[in-house]
Amino acid sequence: MLAPTHLFFAYALAEILRLPRLPAIIGGVIVDMDMVLQYGFPFMHRGIVHTPLIMIVSMMVLYVFTKNQDQAFSFGLGFVSHLFLDTLNPTGIMWLYPYPMYFSLNLAQYNNLIANAGIIFASLLCIVFYRWKNEQRA
Amino acid sequence: MNKELEFRAAGIIVLIVSAMLFSVLGTVCTNTYSLKNAPAKTTISYLLTEFPVNQYVCVEGTVSEILPDYTSKKGYKYQQFFITDGKNSLKVFCSKYSGSVNVSVNDHVSVTGKFQKFGNTYEIYTQCKDIEKT
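Read top to bottom, the protein sequences are chains H and C. Per our numbering, the first sequence starts with residue 1, numbered consecutively. Per our numbering, the second sequence starts with residue 1, numbered consecutively.
Treat the hints loosely; a few may be bogus.
[Claimed, not checked] Covered by chain C, according to a simulated footprint, are these stretches of chain H (three or more residues, beta-carbon under 8 Å): (1) 12-24; (2) 84-93; (3) 108-116; (4) 123-134.
[Unchecked claim] Chain H is faced by these chain C residues, among others (derived, beta-carbon under 10 Å): (5) I12; (6) V14; (7) L15; (8) A19; (9) M20; (10) S23; (11) G26; (12) T27; (13) V28; (14) S98; (15) V101; (16) S104; (17) K129.
[Said to hold, decoys possible] For each label pair, taking beta carbons as the anchor points, the in silico distance ranges come out as: (18) C/L67 <-> H/Y99: 25 to 33 Å; (19) C/N2 <-> H/L124: 25 to 33 Å; (20) C/V24 <-> H/R131: 25 to 33 Å.
Quick caveat, the hints were computed from the structure, so don't treat them as lab data. Every residue gets a Cβ at the ideal spot worked out from N, C-alpha and C, and that includes glycine.
Pulled out of the complex, with its shape left as it was, chain H reads as follows:
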């Protein structure tokens, strides 16, 4: 999916679970930084960086530096939300890396306008609703 879709989806999940928003947003969009990698498998886009293995490693690194469990968990949540949305695309994700098999639900192309707009819309609704509920309960 496109970067704004990942951003809003990660933000919505963080809002629902009452976790810090910024690490989730960063985790949700930073995964696509691997677009600069062009060295062939697995050092390419949708290669090793798009795997739960790197997600766990980066969560651990973040925890070591921040000593903040919520921030590390929020970053991981954003990361896994990115992997989930990319699983909807035909290419898919290597969920079991280092086993090199791509898993895909093949529901929509990454740049499908309606899919991206719809997910952003649903995310926005969740953000507004859960923020309102969170404020009510605070």
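Dock chain C against the given chain H, drawing on the hints supplied.
This is chain C only, laid out in the frame that chain H set:
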């Protein structure tokens, strides 16, 4: 505590399900739009005399030669083969991103895609899944 947990879990489930539903909806709408706006059928001879470069065309032909698959530097895979109408041949270059097409020499196919010039040759570029055996 349990109600709170259920409340949060419901939000996550709704978000995940809506992401999947919008993906399906997007694909269905895009496919419907593509079918309604399909380009008119033309012939290989017409393409190689009029050269409507960068236009979307639909052409039928018989597979005359299959070239080895091509892999780009980024790792994307493509199929390539020639189709002929008996007089002229035209290269078909298709992305395997959404799936491949199983074609053999002498198969009759219908190809819908972009007619373009690549180097010194003309070709039709499309998604392999959009190639139909007729």
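Right, here's what the structure says about each hint:
1. Remark: the stretch 12-24 of chain H is confirmed as covered by chain C, as 5 of its residues place a Cβ nearer than 8 Å to a Cβ of that chain, reaching the required three.
2. Counting residues of the stretch 84-93 of chain H whose C-beta sits closer than 8 Å to any C-beta of chain C gives 5, which meets the bar of three, so the coverage hint holds.
3. A count of 7 residues in the stretch 108-116 of chain H with a Cβ less than 8 Å from any Cβ of chain C is obtained; the coverage claim is therefore met, three being the minimum.
4. Check result for the stretch 123-134 of chain H against chain C: holds, 5 residues qualifying (beta carbon to beta carbon below 8 Å, three or more required).
5. Checking C/I12 against chain H by beta carbon gives a least distance of about 6 Å; that is within 10 Å, so the hint holds.
6. Contact between C/V14 and chain H, as hinted, is supported at the beta carbon level, the nearest pair being about 7 Å apart and thus within 10 Å.
7. Taking 10 Å as the C-beta contact cut-off toward chain H, the hint placing C/L15 at the interface holds, the least distance being around 5 Å.
8. Restraint check, C/A19 versus chain H: the minimum CB separation of about 5 Å is within 10 Å; hint holds.
9. Because the smallest distance between the Cβ of C/M20 and any Cβ of chain H comes to about 6 Å, under 10 Å, the interface hint for this residue holds.
10. Interface restraint check: C/S23 against chain H, minimum CB-CB distance 4 Å, threshold 10 Å, status holds.
11. The beta carbon of C/G26 comes within 3 Å of a beta carbon in chain H, closer than 10 Å, and the hint placing it at the interface holds.
12. Interface hint status for C/T27: upheld, as the beta-carbon distance to the closest one in chain H is roughly 5 Å, under 10 Å.
13. For C/V28, the suggested interface contact is upheld, since its CB lies about 9 Å from the closest CB of chain H, less than 10 Å.
14. At its closest, the beta carbon of C/S98 sits 5 Å from a beta carbon of chain H; the interface hint therefore holds under the 10 Å criterion.
15. Proximity of C/V101 to chain H is violated relative to the hint, the smallest CB-CB distance being about 14 Å (cut-off 10 Å).
16. For the restraint placing C/S104 at the interface with chain H, the shortest Cβ-Cβ distance is roughly 24 Å, beyond the 10 Å limit, so the hint is violated.
17. A cut of 10 Å between beta carbons decides the hint on C/K129: the least distance to chain H is about 9 Å, and the hint holds.
18. Distance hint check for C/L67 and H/Y99: the Cβ-Cβ separation is about 32 Å, which falls inside the suggested range of 25 to 33 Å.
19. Judged by the Cβ atoms, the range 25 to 33 Å given for C/N2 and H/L124 holds: they are separated by roughly 28 Å.
20. Roughly 28 Å separates the CB atoms of C/V24 and H/R131, a value that falls within the hinted 25 to 33 Å.
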